[in-house]
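Knowing the structure of chain Y, use the given hints to seat chain R on it.
If you read the sequences in order, they're chains Y and R. Our numbering applies: residue 1 is where the first sequence begins, and numbers increase by one. Our numbering applies: residue 1 is where the second sequence begins, and numbers increase by one.
In silico lysine-lysine, DSS-like type, Cα no more than 30 Å apart, as pairs:
id: 1; chain 1: Y; residue 1: LYS106; chain 2: R; residue 2: LYS131
id: 2; chain 1: Y; residue 1: LYS6; chain 2: Y; residue 2: LYS72
id: 3; chain 1: R; residue 1: LYS24; chain 2: Y; residue 2: LYS70
id: 4; chain 1: Y; residue 1: LYS72; chain 2: Y; residue 2: LYS106
id: 5; chain 1: R; residue 1: LYS79; chain 2: R; residue 2: LYS103
id: 6; chain 1: R; residue 1: LYS115; chain 2: Y; residue 2: LYS48
id: 7; chain 1: R; residue 1: LYS345; chain 2: R; residue 2: LYS369
id: 8; chain 1: R; residue 1: LYS251; chain 2: R; residue 2: LYS345
id: 9; chain 1: Y; residue 1: LYS72; chain 2: R; residue 2: LYS5
id: 10; chain 1: Y; residue 1: LYS22; chain 2: R; residue 2: LYS199
id: 11; chain 1: R; residue 1: LYS3; chain 2: Y; residue 2: LYS72
id: 12; chain 1: R; residue 1: LYS178; chain 2: Y; residue 2: LYS5
id: 13; chain 1: R; residue 1: LYS3; chain 2: R; residue 2: LYS131
id: 14; chain 1: R; residue 1: LYS115; chain 2: R; residue 2: LYS5
id: 15; chain 1: Y; residue 1: LYS129; chain 2: R; residue 2: LYS173
id: 16; chain 1: Y; residue 1: LYS106; chain 2: R; residue 2: LYS123
id: 17; chain 1: R; residue 1: LYS67; chain 2: R; residue 2: LYS24
id: 18; chain 1: R; residue 1: LYS123; chain 2: R; residue 2: LYS5
id: 19; chain 1: Y; residue 1: LYS70; chain 2: R; residue 2: LYS79
id: 20; chain 1: R; residue 1: LYS82; chain 2: R; residue 2: LYS67
id: 21; chain 1: Y; residue 1: LYS5; chain 2: R; residue 2: LYS173
id: 22; chain 1: R; residue 1: LYS67; chain 2: Y; residue 2: LYS72
id: 23; chain 1: Y; residue 1: LYS22; chain 2: Y; residue 2: LYS43
id: 24; chain 1: R; residue 1: LYS199; chain 2: R; residue 2: LYS222
id: 25; chain 1: Y; residue 1: LYS22; chain 2: Y; residue 2: LYS5
id: 26; chain 1: R; residue 1: LYS136; chain 2: Y; residue 2: LYS72
Because the hints were derived from the structure by calculation, they are not lab data.
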Amino acid sequence: MLEEKKLVLIVDDDPDYLFQMKHHVESFGFNVVTAESVAEAEKALVNKPDLAILDLMMETQDAGFVLAYKIKRDYPDVPVIIASAVTSETGLNFNLDTEQDKKWIKADLYLEKGIRSDQLHREISKLLKL
Amino acid sequence: MEKLKVLVVDDEPGIRSGVVRILKNYTIGFPFMEEDFSFDIIEAETGEIALEIIENEGADIVLLDNKLPGIQGIDVLEKISKMRIDTAVMMITSYASLDIAVKATNFGAYNFVPKPFTPDELKSSIENISKHLFLKRMTSAMKEEGKQIRFQFLSVLSHELKSPLNAIEGYLKIMEEKQVGENIDDYMSMIDRSMVRIKGMRNLIIDMLDLTRLESGKKKRKLHEVEIHQLATLAIDTIKPMAIQHNITIKPDIDESIVMEADHDELEIIFNNLLSNAVKYNRDGGEVRISIQKINNVVTLTVSDTGIGISDDDLPKLFEEFSRIKNSDTRNISGTGLGLSITKKMVELYNGTITVDSKPNFGTTFTVKMPI
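One chain only, chain R, in its complex shape:
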C-alpha cells in the first residue's frame, strides 16, 4: 500500500476533522498501478504552519482553504509553486471568485472544491488528483529513462499524419455519397480544404525527412564556400509570393561580402524556416527585417517580424518537436511543428546558437550566430 501525504489547511476545525474522517479509511486503485493508494492526513490551521510543514516534511496533496487568518491561501499557493516541488494543490473555496480562480490556476492549482463538499465530492477530487500525481511522477521517471521522448514522438507523429488523412477521407466520403446534392460547386470548400490538408501533409513529410536525415547523420554534407548574400536572396524570393499575399514588406540588410564554408541545403533550410515563420506569424501589412552581418568571425543572422509574438509561457516549448503554439491567433496558421526544431539542429551543426526574443502583439526576433 502506497501512502500519500495529504495536508489540510483550514482554520475551521470542523472541516479538518471532516477531511480526516472521510479520507482515513479511503483507498484508491488504478488499473495501471500495482499498489493502492491510501492517505495520511496532516492538519494545519494557518498558511504559515502549512508552509513550515511542507518545507520540513513535504506533502503530496495540499487541500488549501483560501480564507485563512494570516496569509491567504492564494499566497501559500504562490509560495508552493515557487518551491518547484511535485506537490498537487487543490483549493477549497466557499464562494468561487473569478479573480482567485484565475490566479490560482496561474500558480498551478490542480483544481477547486467548493465548500461545503460532500464526502463523495471530496473522494472523487482526491481520486483525480492522485491519478494526476501518479501519472506525473511516472512521466518524469520515464523522461529520465529517455523512453518518454520516443513514445511521445511516435504518438504525436501518428496523430499529425493521420489527422489530415482522416480529414481528406471524410470529405471524399461526403462527395462520394453526394451528401450535399448534385452541384459540384457546393463541394468546392471541401475540395479546397482537402488541398490545404494535402499541402500540410507534404510539408510535414519534407520536414520529417530533414529531421531523420539530421538525426541519423546519414545525409552527406557537402561543404562549399557559400555566398551568404546569394543564398539569402534566394530564400527571400521563395517567400515573396506569400509575403505579397499578406501585404508584408521584406527589408533585407545583408553584408554582401560574407562567404561561409557550409552545406548550401542546410543553410537554405535555416533561412527558409525563419523567413517563412516571420511571414506566417505576421500581421497583414506588417514588416520582416532580415539582417546578416559578420562581427569578429561570427556570422549573425537576425530575422524580425511585426507579428503576433510569443508569450513567455510558450517560449520554452518553441524549439521542441511538434510543439505548435495553439491559441486563437495561430488557429488558422498551418505548420508542422517541426520547423524550429530542425532549424535549431541545423544551427548546432555549425556550432552556432539560436535565440529568440519576443513581445506579444509586437513581434518576434530570432538571432542565429554561427562562428566561421
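If we strip away everything but chain Y, and leave its shape as in the complex, we get:
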C-alpha cells in the first residue's frame, strides 16, 4: 500500500524563492502548501503540516521567529526550518548549535538560502526521520 505523502508548508514573501522551493520539495515526493505572508501561513496552518520551512525576514525582520514560535505552540512535534539570506556579514548571526539559542529560537534547523537541493532533501528527510 502507498504511504500518504507528507505535507510541507513553505512560507516566503519572495514569490520566486517560493516557486523554486515548491519545485524542489515536490520533486522529493512531498506535497507542498505555500504562503506569502505570516497571515497566509496562519490560515494554512489549519491543516497540520508535517514540516515547515519559514523565511526569516518577511513583513518584519523577525517574522520567521514569531511564526516558528506560533507553529511550535500549536504543533510541538512539527519540525521547523528557518531559512534566511541574511547572515554573518551584517552582524546577524544565528545558529542552533547551543542549547541557549534553542531556548528562544523555536526552530529545529537554521539554513542559509541558496542551499543545494540534495542537501535540502537530506535535511528534510533527517527531520522527518525518513
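Just chain R now, kept in the frame of chain Y:
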C-alpha cells in the same frame, strides 16, 4: 536579577492567586541577557483599579481578562494603548471571539491566553512576552544611540541585494540540470522572472547610488536655470510607455513660465519618482494628474493618482528607507523601497517640503513645495 512588574486583572480570585503561585518563583534567562528576569505580581479585580495602578506605579506586563465587572478588558487595553507606555498586554479570554481578538490586536495586545490555562502555558506566554519587552527596550536604547539605523540599513540592504541573486541563481540551477525537461519553452517563465529580478536589482543599484551620493554630499551639484515645463515633459515621456501598458491617462497642468535655479538631475529624480509611483500604484484605466504652479515664489508640484491609496497605518513609514508597504494590492508591484526616501532628501536640498494625502481605494496625492 531584574524584576518585571506583572499586573493581573481578573475578577476571579482563583485566577489571580493561580497566577501568583505560578510566577512567584519563576525566572527566565535569555542568552543575550546578562541578568535573569523574575516577576513581581500585583493584583487588580477591576479594570478601573488596574488603570489606576498603571498610572501611579506602572507595569511591565498586564495579564488582562476581558470579562470584568465594570469596564471591559478591551476598554482597559484601549486606554493603555493611548497612554503610549511600553507596557505589554496579554489578553486572557475564556472563549475567543473573533471580534474581540481583532479589536485587541488593533489596540496592540501582544497575544492571547485562553482560559483555563496550565502553568506551562502561562509560563511560556510570559517567557515570550518578556523577550519581546526586552528586545523592544533594547531596540529603543539602540535607536537613541543611532546604531539601530545603520544596522537596520545594512541588514535590509543585504537582504534586498541577496534575494534577487538567490532567485536568479535558483532558476539557473533548475535550467542547468534541465529539471523540467529538454524543451526550452518550459523554462520561459523562469527566464522571464530572472529578467524581472535583474531589472529590479539594477533599479536598486541606481537608487542606492543616488542615495549614497546624497548622503556623502560628494555629488557636485550643478545649479542652472531649469525650465520646469521642459523637465516635466521629459519625465512624462519617460513614464509614458508604462502608463500606456496599463491604460493610464496622464493629465498635465503646468505653468510654462516657471524657471528655477536647480540641478537638472536632482529635479528629474523627484519628478520621475513621483510620476512612476503614480503609475505603478494606480489601477488599470486610471488617471495621473500632474500640476506645477508658482504661488508667491513657491513652486508647488502635485502628483495625484486614482490608485490603491495608502492606509493611515502605513503613511508614517512611507518616507523611510526600504519601507515598502506590503499587502495583497502591492504584492506584484516591484520597487526598491528607496524612491520616496530619496525624493524627500532631494526636496530638502531645496529647503522644500513633501507631503502626502491618501485615501485607500481612491488615490494618493503628493505635494512638493520648493521656495525659489
